[in-house]
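S.K.: Input sequences plus hints: build the corresponding full structure.
Protein chains: 2
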Amino acid sequence: MFSAPSGCGKGTVLNELFKRLPDIHYSVSATTRAPRDGEVDGKSYYFITKDEFNNLIKTNGMLEYASFCGNYYGTPKEKIMECLENGQDVILEIETAGAMMVKAVHPEAVLIFMLPPSVEELKSRLIGRGTEDMDTILRRVGEASREIQLSRNYDFVFVNDKLDEAVDTLTGIIKYSKNLTGNNIDLIKGVLEQC
Amino acid sequence: MFSAPSGCGKGTVLNELFKRLPDIHYSVSATTRAPRDGEVDGKSYYFITKDEFNNLIKTNGMLEYASFCGNYYGTPKEKIMECLENGQDVILEIETAGAMMVKAVHPEAVLIFMLPPSVEELKSRLIGRGTEDMDTILRRVGEASREIQLSRNYDFVFVNDKLDEAVDTLTGIIKYSKNLTGNNIDLIKGVLEQC
Chain A
1 MFSAPSGCGK
11 GTVLNELFKR
21 LPDIHYSVSA
31 TTRAPRDGEV
41 DGKSYYFITK
51 DEFNNLIKTN
61 GMLEYASFCG
71 NYYGTPKEKI
81 MECLENGQDV
91 ILEIETAGAM
101 MVKAVHPEAV
111 LIFMLPPSVE
121 ELKSRLIGRG
131 TEDMDTILRR
141 VGEASREIQL
151 SRNYDFVFVN
161 DKLDEAVDTL
171 TGIIKYSKNL
181 TGNNIDLIKG
191 VLEQC
Chain B
1 MFSAPSGCGK
11 GTVLNELFKR
21 LPDIHYSVSA
31 TTRAPRDGEV
41 DGKSYYFITK
51 DEFNNLIKTN
61 GMLEYASFCG
71 NYYGTPKEKI
81 MECLENGQDV
91 ILEIETAGAM
101 MVKAVHPEAV
111 LIFMLPPSVE
121 ELKSRLIGRG
131 TEDMDTILRR
141 VGEASREIQL
151 SRNYDFVFVN
161 DKLDEAVDTL
171 TGIIKYSKNL
181 TGNNIDLIKG
191 VLEQC
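These protein sequence lines are chains A and B, in that order. So the first sequence is residues 1 to 195, counted in my numbering. So the second sequence is residues 1 to 195, counted in my numbering.
Read the hints as simulated data drawn from the structure, not as lab findings. Errors might be hidden in some of the hints.
[Said to hold, decoys possible] Computed list of lysine-lysine pairs in DSS-like fashion (alpha-carbon distance at most 25 Å, straight line):
no., chain 1, residue 1, chain 2, residue 2
1, B, Lys10, A, Lys10
2, A, Lys162, B, Lys189
3, B, Lys162, A, Lys189
4, A, Lys103, A, Lys77
5, B, Lys175, A, Lys175
6, A, Lys19, B, Lys162
7, B, Lys10, A, Lys178
8, B, Lys43, A, Lys103
9, B, Lys10, A, Lys189
10, A, Lys175, B, Lys178
11, A, Lys178, B, Lys103
12, B, Lys175, A, Lys178
13, B, Lys77, A, Lys178
14, B, Lys10, A, Lys175
15, B, Lys19, A, Lys10
16, A, Lys175, B, Lys162
17, B, Lys123, B, Lys10
18, A, Lys77, A, Lys10
19, B, Lys103, A, Lys103
20, B, Lys123, A, Lys189
21, B, Lys178, A, Lys162
22, B, Lys189, B, Lys10
23, A, Lys123, B, Lys189
24, B, Lys175, B, Lys123
25, B, Lys19, A, Lys175
26, A, Lys162, B, Lys43
27, B, Lys178, A, Lys10
28, B, Lys50, A, Lys178
29, A, Lys103, B, Lys19
30, A, Lys189, B, Lys103
M.R.: What follows is the structure, given as structure tokens:
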């Protein structure tokens, strides 16, 4: 699970990551909100109805979900479990509350948080974009600070200072997190069993 | 902290690691036992008297220690702390009980355990050496099994199947364990503080 505050360059880092790890499965979220211009069903989101969404919740088909501005957003479980069973890595782009929900149920899931070099720097980047007014920017910076506080609950953190280094680090963390003991209990059992 | 059962190839892997990471500081243990033929003071062990050892314990100068066959073995703290303060990585070759003692006091320390492909394989390797009788081998295999059980308490585990891959993995784990959140609390504070 990969989180980063808005404006931290998450999309750019993920695009580079997919070039390096083309076999990783990117989990697409589901939402009940209407598609915006240019959004593609099954790529940007799975656009589903409220009934379909509620049905997925009832049948335990959502890894995590939340409502925001009257719309539901969530992570459908089926495809993820299918990939994991086939030994394929899965990456979820997820906000902090959702990550905590998943970790509570799946403690073996690895939580990675990408930090900006500083909150000041993040604020400058958002101002530099020139797409939002100062009120919106300050609200986003406040949200970012709250998310960064929660990064303490993640397994790994790293700073997005230079793009190449950030992608190197994310790739390395994904690779070597496979050696975390929590992901190797069956391996340890196997080594012992043959005794 | 790096542990592996006897016969698992720990020495060979460490020698290759030092070629790749020449700047890492290898922590030399202290012991009250007499040097054996070919052992060099300050390289194999620091050979010290029981008085000196007890003095180090009393002055909180030992990271961990244990007695074995009437002799003391321990990890002097001073040099390690000096290296860490200078930003230098330190590797401790340590048995499982010692690793647990250090982790209790220094939860930020990273515990890495190297597994044999199987306990059967380990037994074959020990028999293949031809240097010990079967009773000794069976006792060592029993000890190895107990140590492997304790690997569940380590942060990372990996299998020593092929030497090159094992050294790659150990090097990668050492590198990316620096991104574990527990080692980055000050970094997170720093990112927030500049706000």
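S.K.: Now, for every hint given, state plainly whether the structure supports it.
M.R.: Checked hints:
no., hint, result
1, B:Lys10 / A:Lys10, "violated, 39 Å"
2, A:Lys162 / B:Lys189, "holds, 20 Å"
3, B:Lys162 / A:Lys189, "holds, 20 Å"
4, A:Lys103 / A:Lys77, "holds, 14 Å"
5, B:Lys175 / A:Lys175, "holds, 12 Å"
6, A:Lys19 / B:Lys162, "violated, 28 Å"
7, B:Lys10 / A:Lys178, "holds, 21 Å"
8, B:Lys43 / A:Lys103, "violated, 44 Å"
9, B:Lys10 / A:Lys189, "holds, 21 Å"
10, A:Lys175 / B:Lys178, "holds, 14 Å"
11, A:Lys178 / B:Lys103, "holds, 21 Å"
12, B:Lys175 / A:Lys178, "holds, 14 Å"
13, B:Lys77 / A:Lys178, "violated, 31 Å"
14, B:Lys10 / A:Lys175, "holds, 22 Å"
15, B:Lys19 / A:Lys10, "violated, 36 Å"
16, A:Lys175 / B:Lys162, "holds, 18 Å"
17, B:Lys123 / B:Lys10, "holds, 15 Å"
18, A:Lys77 / A:Lys10, "holds, 23 Å"
19, B:Lys103 / A:Lys103, "holds, 24 Å"
20, B:Lys123 / A:Lys189, "holds, 17 Å"
21, B:Lys178 / A:Lys162, "holds, 18 Å"
22, B:Lys189 / B:Lys10, "violated, 37 Å"
23, A:Lys123 / B:Lys189, "holds, 17 Å"
24, B:Lys175 / B:Lys123, "violated, 32 Å"
25, B:Lys19 / A:Lys175, "holds, 22 Å"
26, A:Lys162 / B:Lys43, "violated, 40 Å"
27, B:Lys178 / A:Lys10, "holds, 21 Å"
28, B:Lys50 / A:Lys178, "violated, 43 Å"
29, A:Lys103 / B:Lys19, "violated, 38 Å"
30, A:Lys189 / B:Lys103, "holds, 23 Å"
Checked against the numbered hints listed earlier, the structure breaks hints 1, 6, 8, 13, 15, 22, 24, 26, 28 and 29; every other hint is satisfied.
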